[in-house]
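Protein chains: 2
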Amino acid sequence: MSDTSPQNDALELLCINTIRTLSIDAVQKANSGHPGAPMALAPAAYTLWTKIMRYNPRNPSWFNRDRFILSNGHASMLLYAMLYLTGYDLSLDDIKNFRQLKSKTPGHPENILTPGVETTTGPLGQGIMNAVGMAIAEAHLAATFNRKGHEIINHYTYAFCSDGDFMEGASHEAASLAGHLGLSKLIFLYDDNHISIEGQTEIAYTDDVKTRFEAYHWHVQDIGDNANDVGALSQAFSNARQEKDRPSIIIVRSHIGYGSPSFQDTPDAHGAPLGEDEAARTKRVYGWPEHEKFLVPENALEYMQKAVERGIRYEDEWNKQCASYRQAFPDAALQLDTALRNELPKGWDKGIPEFAPSDGPLATRSASGKVINAFAEHVPYVVGGSADLAPSNNSLIKTTDYFGKGRYENRNIAWGVREHAMCSCSSGMALHGGIRPFAATFFVFTDYARPAIRLAALMGLPVIYVMTHDSIGLGEDGPTHQPIEHLASLRAIPNLYVIRPADANEVAFAWQVALMRTTGPTMLVLTRQKLSVLDRTIYAPAEGALNGAYILSKEKGSVPDIVLLATGSEVELILKAQDNLANEGIDARVVSMPSWELFKDQSPAYRDEVLPPATTVRLAVEAGSPLGWRDWVGDAGDIMGITTFGASAPYKELFKQYGFTVDSVVLRARKLLKK
Amino acid sequence: MSDTSPQNDALELLCINTIRTLSIDAVQKANSGHPGAPMALAPAAYTLWTKIMRYNPRNPSWFNRDRFILSNGHASMLLYAMLYLTGYDLSLDDIKNFRQLKSKTPGHPENILTPGVETTTGPLGQGIMNAVGMAIAEAHLAATFNRKGHEIINHYTYAFCSDGDFMEGASHEAASLAGHLGLSKLIFLYDDNHISIEGQTEIAYTDDVKTRFEAYHWHVQDIGDNANDVGALSQAFSNARQEKDRPSIIIVRSHIGYGSPSFQDTPDAHGAPLGEDEAARTKRVYGWPEHEKFLVPENALEYMQKAVERGIRYEDEWNKQCASYRQAFPDAALQLDTALRNELPKGWDKGIPEFAPSDGPLATRSASGKVINAFAEHVPYVVGGSADLAPSNNSLIKTTDYFGKGRYENRNIAWGVREHAMCSCSSGMALHGGIRPFAATFFVFTDYARPAIRLAALMGLPVIYVMTHDSIGLGEDGPTHQPIEHLASLRAIPNLYVIRPADANEVAFAWQVALMRTTGPTMLVLTRQKLSVLDRTIYAPAEGALNGAYILSKEKGSVPDIVLLATGSEVELILKAQDNLANEGIDARVVSMPSWELFKDQSPAYRDEVLPPATTVRLAVEAGSPLGWRDWVGDAGDIMGITTFGASAPYKELFKQYGFTVDSVVLRARKLLKK
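Residue numbers (my numbering), protein chains in the order written: chain W, 1 to 675; chain G, 1 to 675.
Hints were generated in silico from the structure; no laboratory data involved.
Take these hints with a grain of salt, some might be off.
The list treats identical chains as one, so a pair stands whether inside a single copy or across any two.
Here are the simulated DSBU-like pairs of lysine-lysine, each with C-alpha atoms no more than 30 Å apart in a straight line [claimed, not checked]:
hint, residue 1, residue 2
1, LYS405, LYS210
2, LYS556, LYS370
3, LYS96, LYS656
4, LYS600, LYS675
5, LYS656, LYS675
6, LYS244, LYS210
7, LYS102, LYS530
8, LYS370, LYS346
9, LYS148, LYS244
10, LYS398, LYS554
If you're wondering where the values come from, they're calculated on a predicted model, not measured in any experiment.
Take these sequences, add in the hints, and give me the full structure.
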C-alpha cells in the first residue's frame with residue numbers, strides 16, 4: 001500500500017470509490033478488461049469532471065464543451081463510470097454489459113457507440129495525437145471567429161495518458177508539435193504508474209519525462225505521489241489552465257490497482273479481473289460492502305449528477321453569447337454555422353477549372369494543387385498541410401499563410417516530418433468539428449500513419465489524404481520511396497475510399513467525392529510525373545470518375561473483344577494500346593477505374609454495363625501489387641502489376657523495365673485473346 | 001555565407017572539397033538528388049572516416065568493423081563519395097551513374113546494391129533505429145563471447161541524422177531505448193541545419209534537442225557552429241568514444257549547401273541540382289576549377305585511400321586476435337562461427353514437440369511459445385522480445401533473463417511499447433550479423449511498424465515476426481485491436497512471407513520455415529483463442545504446411561464436389577463443415593493454406609494437385625478481408641471474409657455474429673454448388 005492516504009472529505013471519497021468499484025465489478029462481470037488504471041485514476045477523473053471541466057451531459061455535442069480524451073483507452077471503465085455518474089445517456093445496465101456484443105460499453109472507448117466519448121482510443125499514442133488535433137482546431141476557430149468581448153470558441157482539451165502512450169513514437173510527434181505551436185489550452189495528465197504489462201516500466205523505459213517535455217517547451221508540473229489528493233490535483237489543473245503560452249502536462253505518480261492488497265503496483269492489476277476474492281478484499285480496504293456489486297450510493301450519484309445542471313447552465317450561457325455574436329457579426333456567424341454543419345457552401349466548386357488538353361501534360365499532383373486553391377477560397381473551413389513536402393505535394397493554399405503560434409487563423413499547417421501525428425491530429429480536427437482537414441505526404445509514407453488512417457476509417461471521419469508520388473513513376477528516389485503494395489493495402493481497409501485519378505479532370509471529380517463524403521476518409525493517390533490531359537471531346541466525360549469506374553473509350557463494334565482496365569498513370573497506356581490493337585483488328589474497350597470502392601457502390605446494372613459479364617477477356621494494368629485485381633478481371637483475364645520492389649532510375653526507364661509500355665500491353669492483350 | 005571558415009590544412013580541405021564537388025557534380029549529371037547535405041557534412045564524414053572509424057574497404061563485411069549509417073539517406077552522395085575515395089569497390093564511373101538504372105549508386109543508399117553501405121535508408125528515422133539495433137547486437141555478442149584479454153567483438157556504430165529523422169516518432173523510440181540500455185558504443189551526429197523542405201525548420205520544429213537527449217540519458221555534446229572544423233569534430237568523436245556509460249550525440253550546427261552563394265542555408269539546396277551556373281559559382285568559392293566535373297585531385301585520393309592499408313591492418317590484427325581466441329575458447333569460437341554463418345546447428349529442432357490432440361485445445365500463440373523454448377536452447381543466437389506483450393505473445397525464452405545494461409548477455413529484449421523501434425532494431429540486429437532476431441506484438445500493431453517491416457523485406461533480412469491475436473478471435477478488446485485488413489495488406493508486401501498456422505503442429509513447421517529462411521522476413525500470425533490440435537492420424541501430416549497449402553482432409557470419391565480452403569482458426573470450421581456436408585452427400589476436400597507465398601513457390605503440378613483446376617467450386621474461409629482470395633477460388637468460387645471492422649464481445653459470439661460458423665460454411669457451400 002502506498003502512503004498516499006486519501007485527503008478528500010467523505011463524500012468525495014465515496015464518489016471516488018464508486019468509480020473504482022464500478023470498474024472492478026464491470027471487469028469482473030465481463031471476465032476481462034483493465035481494472036488497475038481506473039482504480040488509480042479515479043481521483044484525477046473525479047477532480048477533473050467535478051471541479052474543472054465544462055461539459056453538458058445532456059448534450060454531448062455541445063460545441064464549446066471541454067474535450068476529454070482517455071488516451072490509455074484500455075482504462076475504458078474509468079470513462080464509462082464517469083459518463084454514467086455525471087448523467088450522460090449511459091445507464092448502470094450499460095456498465096453491467098461491459099465488453100458485450102452491441103453494448104454501449106465496448107472494451108476500448110468508441111466514440112461511434114457511446115455518447116460522451118470524444119474519440120476511439122486503445123492503440124497507444126492515438127488519443128494524445130487526436131487531442132493535439134482538437135487543440136489545433138480550437139485555436140484556429142477561436143482565432144478565426146472570436147471577436148473582442150465575444151469569445152464564443154473557448155474551451156480546453158484534456159487527455160489522460162500512460163507510460164504506453166509515452167513510449168510510442170507518436171508521443172514525440174504530438175508533444176513536439178503541440179509545444180512548438182504553443183497550444184496552451186491543451187492539458188495532459190500523465191499517469192506515471194511505473195507498471196507495464198511485462199513488469200516494472202524500468203525494465204524498458206527510464207525517460208526523464210519532466211525534462212523531456214521541457215525540451216518540447218511544455219509547462220510541466222510534477223505533483224509527485226499525489227494521485228489520491230483531490231486538492232493537489234485540482235490545484236495542478238487550475239495552474240495548467242492559467243498557463244497562457246504553452247501546453248501543460250501534469251505528472252502524477254499513481255498506483256495501479258490502488259487499494260488491492262495483492263495486486264496494487266503490480267502488472268497483475270493491469271489487464272485482468274481481480275478475481276472475486278481480491279475484489280472483496282479491495283472493497284474492504286475502501287471501506288466498501290465487500291459483497292455488494294455495482295453499488296452506487298445515492299448521495300454519490302446525486303452529487304456527481306450536479307454536472308447536469310452545471311452543464312445546462314454552461315450551454316445556456318454559451319447560447320446567449322452566440323445569440324449576441326450572431327447579431328453583432330452575422331456574416332461570421334453564418335460562416336461558422338456552415339463549418340459546424342460541415343456543409344459545402346453554395347457555389348463552392350465554381351472556381352474549379354475544367355482542364356483542356358492544352359493545359360497538359362500535367363501531373364495529377366499539380367492538378368490537385370490547382371483544385372485545392374480553387375475550392376479553398378469558397379470553403380474557408382478547409383485547413384490542411386503536408387508532412388514537410390508541401391512543394392512536392394502541391395498542397396499549399398496560396399491565399400493564406402502557415403498556422404502557428406500567434407497566427408492560428410492561418411490555414412496551412414506545416415506538420416513537419418511527422419506523418420503519423422499529421423494524420424491523427426487531422427482526425428482530432430475532424431472530431432472537433434468546424435474544420436475540414438486534409439493531410440499530404442508521399443504515398444509510400446502512408447505506412448508511417450497507418451494506425452491513424454485505420455482509426456479515421458473506423459470512426460468514419462471525413463479526413464482527406466492527398467498522397468502524391470504514387471508509383472515507380474516517382475523515379476530516381478528509388479525503391480524506398482516507391483509504393484508497390486500500398487494501393488492494395490489501403491484498399492483492404494474497410495470504409496477508406498481510395499481514388500487514383502487518370503488525369504487532371506478526374507482529379508477535380510476525385511476532390512468532389514472527397515469533399516462531399518461525410519461518412520469516412522478519402523485518399524487521393526496522385527502522380528509525380530506529368531500525364532496528358534485527356535481530350536474529353538474524344539473520350540467520355542471525366543464525371544464518370546464519380547462512379548468509380550466508367551467507359552472512357554468505347555469499342556467500335558457492339559461487343560468488345562477485350563476490356564482494358566487501368567487507374568491513374570496507366571490509363572494513358574491502355575488508351576494508346578486500344579489504338580494499336582485496333583490496327584490489328586482487335587476491338588478493345590477502355591475503362592478508367594479510379595476507385596474500386598466507388599464502383600462497388602454503384603448498381604449491379606451499372607457495373608455490368610461497364611464490365612459486361614459476357615466479355616470475360618479483360619486486362620488490368622496498374623503499376624503496383626496485383627493483389628485484388630482478380631475480382632475485376634476474372635479467371636479469363638490477366639493483370640499487369642508489380643510483385644517486386646522498385647528501383648532508382650529516371651521514371652521512363654523504370655516503366656520500360658517493369659513492363660509498362662504500350663507494346664507490352666498490346667502483347668499481353670493479344671496473348672490473352674489467343675488463350 | 002557563414003563565419004565558420006575552414007581551419008583544416010590544405011590537404012584536408014582538398015579532400016573535403018572533393019567530397020563536396022563530387023556530390024554537386026553527380027546530382028547535376030543525374031539532374032536529380034540532394035546536394036545540400038553532402039556539402040554541409042563533408043567535413044564530418046571526412047573526419048570520421050579518416051581519423052576515427054575502423055573499417056576495411058577491401059572487405060566491407062569484416063565483422064568487427066565500425067558501422068556507419070547515413071540515416072538521412074537522401075544525402076547518399078556523401079556516402080558514395082566516401083566509399084569511392086576510401087577505396088571501396090565503387091568507381092568514379094559508378095558515381096557518374098548516380099540514380100541510373102542498375103547502377104551501384106541509387107537515389108537512396110541500398111545495402112543490397114552497394115558494397116560498404118550498411119543498411120538501406122531514406123524513409124526517415126529508419127537508419128537511427130537500425131543503428132540502435134546494431135549497437136544492441138554488438139553489446140550482446142561482446143557480452144556473450146568476449147573473454148578477459150580477448151575482446152574480439154568491439155566496435156562502434158555511428159549514425160548521421162537530420163532534423164527529419166528527429167521529427168519522426170521513430171527517433172523517440174530509438175533514443176529512449178538506446179539511452180535506457182546505456183549503449184555506449186552508439187554515436188550519433190546530428191546535422192542541425194535549420195532547413196527542411198518547406199523552409200526554416202522553425203516553422204514546424206523547435207525542440208531543444210540537447211535537453212531532449214539528456215532526458216533520454218544520453219551523453220550530449222553541442223559543438224555549435226563548427227561543422228567545418230575538423231579539429232572540433234575529431235575531438236567530439238573522441239570524447240564520445242571515451243564515454244563508457246551512455247550513448248553519445250554530437251549536435252553540430254551545419255550549413256546546408258555550404259559554399260553555394262545563392263542556396264546555402266536555404267531549402268533550395270536540399271533536393272535539386274544547383275544548376276550549372278550555381279555549381280560553378282560554388283566551386284569558385286571552394287577555390288575549385290569552375291568548369292571541371294568529377295575532378296578528383298590525385299593527392300586527395302591518395303590520402304583518403306590510406307584507409308585501405310589501415311583497414312587491412314585492422315582486420316589482420318583482429319584475425320590474429322580471433323586465432324588466439326579460437327585456441328583458448330574453441331567451443332565459444334565454434335558457437336560464434338555458427339552464429340555468424342546464420343546456420344542452424346545440427347539437431348536444432350530436436351526438442352520441438354509433436355503435439356497430440358490431447359495437448360489441446362491450445363492457442364497457436366501458446367504452441368509458438370513452446371516451440372520457441374524448444375529450439376532456443378539449441379540455437380543460442382536467437383534473440384528477441386515483445387513490445388510489452390510478452391506474456392500475451394508467449395515470446396519469452398524461459399532459460400534466460402531480460403537484456404539490459406550490465407546484462408547484455410541475456411536474450412529476451414523488453415522493447416517497451418515501441419513496435420516501430422522493435423522491428424527496425426531487429427533489422428539492425430540482422431544486418432549486424434551474429435544474431436537471429438524475432439519481434440512480437442499483437443498482429444494489429446504491425447501497422448505501427450510497417451515502414452520497418454517493408455524495409456526488412458526490401459533488404460531481404462531474415463527477421464521473424466511473431467504476431468498474435470490475429471482476428472476478431474481476440475474478442476473483448478474490440479475493433480481497435482482486431483485485425484481485419486492486415487493479412488491482405490501484409491501479403492501485398494513483396495518478399496514478406498506470411499504464415500497463419502491452423503494448429504499447434506502447423507506452428508512448429510511455420511517456425512521451421514521462418515528459421516530456415518535466409519532471404520527475407522517471415523511473419524507468424526497466431527491466435528489468441530484456443531484451437532484443437534488436429535488429429536494427424538485422421539488428417540494429413542502437418543508437414544504439409546511447409547508447402548504453404550496442402551490437402552488436410554481428402555474427399556471420399558475420386559473428385560471433390562467442392563474444395564474448402566482456410567487458414568488458421570478457420571480450418572477447424574471447414575473440417576467440421578466437411579463432415580456435415582458429407583451427411584448431405586456433398587463430397588468436400590479440405591485444404592489448409594497457411595501461407596500463400598510458400599504455396600506460390602511450389603511447382604505448378606503440386607499446386608494443381610492441391611487445387612485441381614477441374615474443381616472450380618471452391619470456398620475460402622478466413623476471418624479477415626477477402627482481398628486477394630479470388631486468385632485461389634476463381635470465378636466459380638466464393639469467399640467468406642470480413643469487410644467491416646470488428647466489435648467488442650466474447651469471441652465465440654463474434655464468430656457467430658460475423659458468420660463464421662459451421663452452419664454458415666455449409667450453407668454457403670450448398671448455395672455455391674447450386675449455382
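Do the hints match the structure? See the list:
no., hint, result
1, LYS405 with LYS210, "both (23 Å within a copy, 23 Å between copies)"
2, LYS556 with LYS370, "neither (35 Å within a copy, 65 Å between copies)"
3, LYS96 with LYS656, "between (63 Å within a copy, 22 Å between copies)"
4, LYS600 with LYS675, "both (29 Å within a copy, 22 Å between copies)"
5, LYS656 with LYS675, "within (25 Å within a copy, 43 Å between copies)"
6, LYS244 with LYS210, "both (19 Å within a copy, 25 Å between copies)"
7, LYS102 with LYS530, "between (49 Å within a copy, 24 Å between copies)"
8, LYS370 with LYS346, "within (20 Å within a copy, 65 Å between copies)"
9, LYS148 with LYS244, "within (17 Å within a copy, 59 Å between copies)"
10, LYS398 with LYS554, "neither (40 Å within a copy, 66 Å between copies)"
In summary, the numbered hints that this structure violates are 2 and 10.
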